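Build out the structure end to end from the sequences listed, making use of the hints.
Top to bottom, those sequences are chains A and B. Numbering follows the working numbering, in which position 289 of the first sequence is assigned residue number 289; successive positions increment by one, without gaps. Numbering follows the working numbering, in which position 63 of the second sequence is assigned residue number 63; successive positions increment by one, without gaps.
Honestly, the hints are just simulated from the structure, not real lab data. Given the structure is predicted, the values throughout are model-derived calculations rather than measurements. Beta carbons are placed, not taken as given, at the ideal position from N, Cα and C, and that holds for glycine. Any given hint might turn out to be false.
What the hints assert, rightly or not - Stretches of chain A that chain B covers, calculated by requiring three or more beta carbons in the stretch to come under 8 Å of a beta carbon on chain B:
| no. | stretch |
| --- | --- |
| 1 | 23-33 |
| 2 | 396-410 |
Stated by the list, open to error - Here are the in silico distance ranges between beta carbons for each label pair:
| no. | chain 1 | residue 1 | chain 2 | residue 2 | range |
| --- | --- | --- | --- | --- | --- |
| 3 | A | Ala82 | B | Gln23 | 27 to 37 Å |
| 4 | B | Leu48 | A | Ala354 | 44 to 54 Å |
| 5 | B | Pro111 | A | Ala268 | 35 to 45 Å |
| 6 | A | Ile388 | B | Asp88 | 18 to 28 Å |
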Amino acid sequence: MAFLTAHESAEVRAAAVARTSYGRLVALLASRTGDIAAAEDVLADAFERALRRWPVDGVPDNPEAWLLTVARNRDRDRRRSAEHRRTTPYDPDVAPASLVREEEPGLDVDVDAIPDRRLALLFVCAHPAIDTTVRTPLMLQAVLGFRADQIAAAFAIPAPTMAQRLVRAKRRIRDAGIPFALPDRSVVPERMREVREAVYGAFAIDWQGVAGATEREALGNEALLLAETLAELVPDDPEALGLAALVCLSLARAPARLDATGAFVPLAEQDPDRWSGRLIELGERHLERAHGFDRIGRFQLEAAIQSAHCARRRTGTTDWQALRTLHTALAEIAPTLGSTVSLAVVVGRTDGPAAGLAVLDRLDGPHASRFQPAWVARAHLLAQADDIPTAVAAYEKAISLTADLPSREHLQRTLDAVVSGGGPAPVPR
Amino acid sequence: MRYALLLHHGEPASGEIPDETIQSFQVAFDAYAKSLDGAGVLRAAEILGPSELSTTVTVRGGGLEVQDGPFAEAKEMLGGVFIIEVSDLDAAVAWAERCPGAQYGVVEVRPVGTAFVGGEWRS
Chain A
1 MAFLTAHESA
11 EVRAAAVART
21 SYGRLVALLA
31 SRTGDIAAAE
41 DVLADAFERA
51 LRRWPVDGVP
61 DNPEAWLLTV
71 ARNRDRDRRR
81 SAEHRRTTPY
91 DPDVAPASLV
101 REEEPGLDVD
111 VDAIPDRRLA
121 LLFVCAHPAI
131 DTTVRTPLML
141 QAVLGFRADQ
151 IAAAFAIPAP
161 TMAQRLVRAK
171 RRIRDAGIPF
181 ALPDRSVVPE
191 RMREVREAVY
201 GAFAIDWQGV
211 AGATEREALG
221 NEALLLAETL
231 AELVPDDPEA
241 LGLAALVCLS
251 LARAPARLDA
261 TGAFVPLAEQ
271 DPDRWSGRLI
281 ELGERHLERA
291 HGFDRIGRFQ
301 LEAAIQSAHC
311 ARRRTGTTDW
321 QALRTLHTAL
331 AEIAPTLGST
341 VSLAVVVGRT
351 DGPAAGLAVL
361 DRLDGPHASR
371 FQPAWVARAH
381 LLAQADDIPT
391 AVAAYEKAIS
401 LTADLPSREH
411 LQRTLDAVVS
421 GGGPAPVPR
Chain B
1 MRYALLLHHG
11 EPASGEIPDE
21 TIQSFQVAFD
31 AYAKSLDGAG
41 VLRAAEILGP
51 SELSTTVTVR
61 GGGLEVQDGP
71 FAEAKEMLGG
81 VFIIEVSDLD
91 AAVAWAERCP
101 GAQYGVVEVR
111 PVGTAFVGGE
121 WRS
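Structure representation (structure tokens):
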């Protein structure tokens, strides 16, 4: 590190501590007061002070403890001065709170004893009293330290709107007295499900209907960090491990999803050599540990499906019968529009297009008729069944529902190929 | 089919919305209009000036009446119109839900009855 100036190396260290400890420090500070915004503020002050002091005094042996002590001092000062203003008339002879001797940073804190309250913080972010659409952004900010404008960009909504939602949610947590505690044992399964859903939300943000495939990619790494954090905090929850595996295995294929010209490449046509071997390995490790608990669930099934696709990198082929079994199980325990459409595609591959179309015909509900993936699947299956006129109509419907430009162009190219008699849609290998 | 996406929202006083917010929404509307345009479905996009600059005109029984102000005073006013041409209501709703105006106001999706295009009225 000799090539770094003292200032630069302090900045590098501060950034490293921020990456690894931010959520732990916010969780700890907020758990005493219930005030996430105040915790973030005093921690920001502490980081600012670190950037001033560390280049001069050297980076402390225990940067995390140093930051915690400074943040706590700052928090205590604020409280005192607020209390002071509320309760006493101004008296110039009384020393203002900021002049009170501060604790020596870092001396009295044993870093190994700093409790990890991040799980409680995750439960707070996904509390039933918090609107579902703000839970994921709240986790990204409070636990990982992302700025509102970064989160807004990933969700494809204007930064001030996102900032306002986050501020409102934090105020609600504080003023409604949402507890920073692990929930009662009887409700843990349900509450944990909500936490996993919110973490999953970072991975599949199309529930808001504002982002297309292109924006979704942008949130991948944030989703990975959140999912890994959750798996680390609840290592005995097979579904949390399954979720981490799902994110790893899906993200592993991200580099192959767009070609050099930025055009969308569907899974079956992707070059497995462009997938990330490191992420596949990590995902497989999570999935193996999850299976060790012998309690199957939705995320483990979804991860197993991704794992079966990733196996093509090793074996050169795709085991469609295994995928059919997995998708059937998934559609049974999680009967969503998405899981039914995926099942239809796989059944189309194993049992022929007519069988796939029969699965699609089971879809109902008010959203089914404008669910874009269902129309894409229907169009592909009809093309494979050589019912070209109906296929063309389905492609046109799918395109009309697609706002994401690369996906739209890909569908248009496929449609053109079908119309010009270039054969039915490419059959996945 | 042509649809009008009608943007309704409360009218903030001048200075009430921070410049940063306004700029951020300008960027969002720019991206929105460009993706509509890129998809080939945009026919017109107009964001209206403040309703206090409106003038209403009425002709009744041979008498002309010109008045200051909008047609109807309401908490939420018409603030903009996007005309799009898409296959059906589902597609129109898919675009409406991506409209930045839906983040702070209401986007009304209304089919166009008849439109003057290429020198004639078409429905």
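Checked hints:
1. 23-33: violated (count 0)
2. 396-410: Holds: 8 residues of the stretch 396-410 of chain A have a Cβ under 8 Å from chain B.
3. Ala82(A) / Gln23(B): 27 to 37 Å: Given about 34 Å between the Cβ atoms, the range holds.
4. Leu48(B) / Ala354(A): 44 to 54 Å: Holds, since Leu48(B) and Ala354(A) (Cβ atoms, about 52 Å apart) stay within the stated range.
5. Pro111(B) / Ala268(A): 35 to 45 Å: 39 Å, holds
6. Ile388(A) / Asp88(B): 18 to 28 Å: 21 Å, holds
In summary, the one numbered hint that this structure violates is 1.
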